[in-house]
Amino acid sequence: MSGFDPVPGDIRGALWPAGMPFHLISRDGAPAVVVCLHGFGASTYETRPVAEACVQAGIDAVAPLLPGHGYANEDDQRREIVKMTMDGVVNAARCEVARARERYKTVYIYGQSMGGAIALAIAGEGLVDACATTAPALKLPGGAGFIAALVALSRNKLNFYIKKQQKPRAFINYSYSHHNSLAAAQMQRVSLHGRSMLGSITCPVLVAHSHNDSTIDPVVTSWVQSKAKGPVTIAWFDKSNHTMPLDVQGAEVSAVIAKFFTSRVG
3 MSGFDPVPGD IRGALWPAGM PFHLISRDGA PAVVVCLHGF GASTYETRPV
53 AEACVQAGID AVAPLLPGHG YANEDDQRRE IVKMTMDGVV NAARCEVARA
103 RERYKTVYIY GQSMGGAIAL AIAGEGLVDA CATTAPALKL PGGAGFIAAL
153 VALSRNKLNF YIKKQQKPRA FINYSYSHHN SLAAAQMQRV SLHGRSMLGS
203 ITCPVLVAHS HNDSTIDPVV TSWVQSKAKG PVTIAWFDKS NHTMPLDVQG
253 AEVSAVIAKF FTSRVG
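Just so you know, the numbering used here puts 249 at position 247 of the sequence shown, and the rest follows in order with no gaps.
Keep in mind that a hint or two might mislead.
Stated by the list, open to error - Computed cross-link-like contacts, DMTMM-like style, restricted to lysine to aspartate or glutamate with a CA-CA straight-line distance of at most 20 Å: (1) 165 <-> 254; (2) 107 <-> 78; (3) 241 <-> 254; (4) 229 <-> 219; (5) 166 <-> 54; (6) 141 <-> 254.
What the hints assert, rightly or not - Now the in silico label distances, taken between C-beta atoms and shown as ranges: (7) 151 <-> 224: 20 to 28 Å; (8) 160 <-> 265: 18 to 26 Å; (9) 33 <-> 76: 18 to 26 Å; (10) 147 <-> 179: 32 to 40 Å; (11) 90 <-> 159: 18 to 26 Å; (12) 221 <-> 158: 25 to 33 Å; (13) 97 <-> 238: 29 to 37 Å; (14) 80 <-> 236: 21 to 29 Å; (15) 232 <-> 74: 21 to 29 Å; (16) 8 <-> 227: 23 to 31 Å; (17) 76 <-> 12: 28 to 36 Å.
Everything labelled a hint here was simulated from the structure, so no lab data went into it.
For every residue, glycine included, the Cβ atom is placed at its ideal position computed from N, Cα and C.
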């Protein structure tokens, strides 16, 4: 669901109110926009801090809700998440960037986790002027790869749900309470696709990460740095865990990303 369009009424009531697609305007005639992509099982809520920091700095922001995501009711979540595909989420991001190009001279992209892997893939296609990510999901936890292998062996017939282990945290996020095997297999494809596109990136890239991320191995920063052809900046926020825009250093993370983009506005 594009951030440029109003959400249809019959769907709007099924989504988290705080996780809707959005388009934030910084000022009339802003020359640049950042397309903000959320993570796996989450919603636009987790990208809003970065979007708002960019808007305060004079850059517009748009956040699509990626296919299969954002539903408030667990029955809806289970029905929709199995429809997620790698091609679907990547194409949704690609289409949002294309629509942004119709409206703005300069288009940036930012992604959290899954959104970061997608953002790097889109950057590898040469569609954006700069790319920022937080904890890009280029290497998933071992269990995800195992599930993906089982799903492949079953020819995509192995469909089951795993309840997430909810750890205490100091912030609210709107994300699904379970993982689905079919969606996890597609997430593995997203991860591998993002990794495969690193060598095609020529635009400036910022990767923000934490050595204490319990989900995405920090080794992914060195992969981006060694393979991307354009300039790469690495920023560490080690008080944070995985959901960096919402965690204890979220304001700092968002400010660094906004500065990275504003320094490039012509």
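Evaluation of the provided hints:
1. At roughly 32 Å between alpha-carbon atoms, residue 165 and residue 254 are farther apart than 20 Å, so this suggested pair is violated.
2. Using a Cα cut-off of 20 Å, the hinted pair residue 107 and residue 78 is violated, with the two alpha carbons roughly 38 Å apart.
3. Among the hinted pairs, residue 241 with residue 254 is consistent with the structure: their alpha-carbon atoms are about 11 Å apart, no more than 20 Å.
4. Note on residue 229 and residue 219: the hinted pairing holds, with a Cα-Cα distance of about 17 Å set against a maximum of 20 Å.
5. With a C-alpha separation of about 29 Å, the suggested pairing of residue 166 with residue 54 is violated against the 20 Å cut-off.
6. Straight-line distance between C-alpha atoms of residue 141 and residue 254 comes to about 25 Å, which puts the hinted pair past the 20 Å bound.
7. Taking 20 to 28 Å as the suggested C-beta distance range, the pair residue 151 and residue 224 conforms, at roughly 25 Å.
8. For residue 160 and residue 265, the Cβ-Cβ distance of about 47 Å falls outside the hinted range of 18 to 26 Å, so the restraint is violated.
9. Taking the beta carbon of each, residue 33 and residue 76 are about 42 Å apart, not inside 18 to 26 Å as hinted.
10. Distance hint check: the CB atoms of residue 147 and residue 179 are about 22 Å apart, inconsistent with the given range 32 to 40 Å.
11. Under the hint 18 to 26 Å, the C-beta atoms of residue 90 and residue 159, about 19 Å apart, fit the expected range.
12. The supplied range of 25 to 33 Å is met by residue 221 and residue 158, whose beta-carbon atoms lie about 29 Å from each other.
13. Distance hint check for residue 97 and residue 238: the Cβ-Cβ separation is about 33 Å, which falls inside the suggested range of 29 to 37 Å.
14. Between residue 80 and residue 236 the beta carbon distance is about 37 Å. The supplied range of 21 to 29 Å is therefore violated.
15. A hinted range of 21 to 29 Å is violated for the C-beta pair residue 232 and residue 74, which are about 39 Å apart.
16. Hint check: residue 8 to residue 227, Cβ distance near 40 Å, so the stated range 23 to 31 Å is violated.
17. For the pair residue 76 and residue 12, the beta carbons lie near 19 Å from each other, so the given range of 28 to 36 Å is not met.
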